[in-house]
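Assemble the whole structure, with the sequences as input and the hints as a guide.
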Amino acid sequence: MKIFITGGGGYIGVALVNELLKNNFKVTVLDNFMFNQQYVFLDLIKNKNLTVINGDVRNIKLLTKCINKNQFIIPLAGIVGAPACDKKPKLATEINLNQIKNISRIASKKHKIILPVTNSGYGIGKKGQFCTEDSPLNPVSHYGITKVKAEKEILKLKNFISLRLATVFGLSGRIRTDLLVNDFTYKAVFDKKIELFEPHFKRNYIHVKDVARVIIFCIKNFKRLKKNIFNIGLETANLSKLELCQLIRKNKKDLKIKINEFAKDPDQRDYIVSNKKILNTGWKPRYSLDLGIKELIKCYESLNIKRNSNV
Numbered sequence: 001m002k003i004f005i006t007g008g009g010g011y012i013g014v015a016l017v018n019e020l021l022k023n024n025f026k027v028t029v030l031d032n033f034m035f036n037q038q039y040v041f042l043d044l045i046k047n048k049n050l051t052v053i054n055g056d057v058r059n060i061k062l063l064t065k066c067i068n069k070n071q072f073i074i075p076l077a078g079i080v081g082a083p084a085c086d087k088k089p090k091l092a093t094e095i096n097l098n099q100i101k102n103i104s105r106i107a108s109k110k111h112k113i114i115l116p117v118t119n120s121g122y123g124i125g126k127k128g129q130f131c132t133e134d135s136p137l138n139p140v141s142h143y144g145i146t147k148v149k150a151e152k153e154i155l156k157l158k159n160f161i162s163l164r165l166a167t168v169f170g171l172s173g174r175i176r177t178d179l180l181v182n183d184f185t186y187k188a189v190f191d192k193k194i195e196l197f198e199p200h201f202k203r204n205y206i207h208v209k210d211v212a213r214v215i216i217f218c219i220k221n222f223k224r225l226k227k228n229i230f231n232i233g234l235e236t237a238n239l240s241k242l243e244l245c246q247l248i249r250k251n252k253k254d255l256k257i258k259i260n261e262f263a264k265d266p267d268q269r270d271y272i273v274s275n276k277k278i279l280n281t282g283w284k285p286r287y288s289l290d291l292g293i294k295e296l297i298k299c300y301e302s303l304n305i306k307r308n309s310n311v
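Position 154 (the sequence shown) corresponds to 154 in this note's numbering; numbering is contiguous.
If you are wondering where the hints come from, they were derived from the structure by calculation, not from laboratory data. Source: prediction; values computed, not measured. All residues carry an ideal CB built from backbone N, CA and C; glycine is no exception. Take these hints with a grain of salt, some might be off.
Claimed, not checked - Label pairs and their computed distance ranges (CB to CB): (1) Ile45 with Phe190: 28 to 34 Å; (2) Asn36 with Lys193: 27 to 33 Å; (3) Lys220 with Gln129: 31 to 37 Å; (4) Asn49 with Lys284: 25 to 31 Å; (5) Ser108 with Met34: 27 to 33 Å; (6) Lys48 with Lys226: 25 to 31 Å; (7) Glu19 with Leu62: 22 to 28 Å; (8) Asn228 with Lys264: 34 to 40 Å.
Unchecked claim - Simulated pairs of lysine-lysine, DSS-like, Cα-Cα distance not exceeding 25 Å: (9) Lys61 with Lys149; (10) Lys101 with Lys223; (11) Lys276 with Lys202; (12) Lys253 with Lys2; (13) Lys65 with Lys156; (14) Lys46 with Lys149; (15) Lys69 with Lys158; (16) Lys156 with Lys227; (17) Lys65 with Lys109; (18) Lys46 with Lys69; (19) Lys156 with Lys2; (20) Lys276 with Lys220; (21) Lys2 with Lys158; (22) Lys252 with Lys202; (23) Lys253 with Lys294; (24) Lys306 with Lys258.
Structure follows, in structure tokens:
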């Protein structure tokens, strides 16, 4: 099978490309390497099943050529997270939404699209009630809005699967220190303190390697799963920010947690999520939140990783 991935040089993309090649898929990556992260493919580029194209998803001619040569399309290129999208809202709309509009227009009936979006579209959930795939969407950030609109575009097609991802964590060949678990663990290692705003806000989490695994599961079971939306997260990890910090402190005993009762979190989403629908298909996550925290601590301490972000 031939797989086309936009943004394959990103955090999720690198983890996914690694797993796809292990499964002997033929993979084409389109990425503009805006963070100068070409190094992520140094070890993989020799693989005969991998083609890497340094280009922009806004190049319609190039996008069309890549789509027409492949069976599966996995759009990962994006401006990710509320801060990054707020800083560059026009670019966020072009990449997060217009890219999907173009893919939907170019793709034929033979193409199969697996679109990872975000469960941040749930916005502010009802207290104590789990958000399911049928829950109303109420995004509270430009990031969430672009992803909700992107999902609506592929719902018009027949051959699609939409994956509403929880907040992703863990190690990939392209490190991200700005994601919540990765960020809090970074602060625990280097600052030894975390200041929390609105510590009761809850969200769901999923390891980056499990994201790669669920995408491959969807590829292999596409006929059975198509025309569906799935929440992708850990059933055991619907945690508040305070609960997350307390879990990190179990692995970093010297971490100090300070509650700031006077400031607001710029990201106002607050919800818990049910992942039962994907679990009922036979897929299960493999990597726990505690395991992800442990691997991040080891990485930060051993390699003295410097902070980066997508902002």
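Going through the hints against the structure:
Checked against the hint of 28 to 34 Å, the pair isoleucine 45 and phenylalanine 190 passes, with Cβ atoms roughly 32 Å apart. About 31 Å separates the C-beta atoms of asparagine 36 and lysine 193, a value consistent with the hinted range of 27 to 33 Å. Between lysine 220 and glutamine 129 the beta carbon distance is about 33 Å. The supplied range of 31 to 37 Å therefore holds. Take asparagine 49 and lysine 284: their Cβ atoms lie about 27 Å apart, and the range 25 to 31 Å holds.
Under the hint 27 to 33 Å, the C-beta atoms of serine 108 and methionine 34, about 29 Å apart, fit the expected range. In this structure the supplied range 25 to 31 Å holds for lysine 48 paired with lysine 226, their Cβ-Cβ distance being about 30 Å. Remark: the range hint 22 to 28 Å for glutamate 19 to leucine 62 is upheld by a beta-carbon distance near 25 Å. The hinted range of 34 to 40 Å is satisfied by asparagine 228 and lysine 264, whose Cβ atoms lie roughly 36 Å apart.
A hinted pair counts as satisfied when its Cα atoms are at most 25 Å apart, and lysine 61 with lysine 149 qualifies at roughly 23 Å. At most 25 Å may separate the alpha-carbon atoms for a hinted pair to count; lysine 101 and lysine 223 meet this at roughly 23 Å. For the hint pairing lysine 276 with lysine 202, the CA-to-CA distance comes to about 18 Å; that is within 25 Å, so the pair holds. With a C-alpha separation of about 47 Å, the suggested pairing of lysine 253 with lysine 2 is violated against the 25 Å cut-off.
Distance restraint check for lysine 65 and lysine 156: the Cα-Cα separation of roughly 22 Å lies within the 25 Å cut-off, and the hinted pair is therefore satisfied. Of the supplied pair hints, the one linking lysine 46 and lysine 149 is violated, its CA atoms being roughly 38 Å apart against a limit of 25 Å. Between the alpha carbons of lysine 69 and lysine 158 the distance comes to roughly 19 Å, so the proposed pair stays at or under 25 Å and holds. Taken as a hint, the lysine 156 and lysine 227 pair is honoured in the structure, with Cα atoms around 10 Å apart against an allowance of 25 Å.
This hinted pair checks out: lysine 65 and lysine 109 have alpha carbons roughly 16 Å apart, not beyond 25 Å. Between lysine 46 and lysine 69 the alpha-carbon distance is near 21 Å, which keeps this suggested pair within the 25 Å criterion. Our distance criterion of 25 Å between C-alpha atoms is met by lysine 156 and lysine 2, whose separation comes to about 23 Å. Simply put, lysine 276 and lysine 220 have alpha-carbon atoms about 20 Å apart, close enough for the 25 Å limit, and the pair holds.
For the hint linking lysine 2 to lysine 158, the alpha-carbon distance of about 19 Å falls within 25 Å, and the restraint holds. A threshold of 25 Å between alpha carbons decides the hint, and for lysine 252 with lysine 202 the separation of about 22 Å falls inside it, so the pair holds. For a cut-off of 25 Å, the pair hint linking lysine 253 to lysine 294 stands: about 13 Å separates their Cα positions. A distance of roughly 23 Å separates the Cα atoms of lysine 306 and lysine 258; the hinted pair therefore holds under the 25 Å criterion.
Comparing the model with each numbered hint stated earlier shows that hints 12, 14 do not hold.
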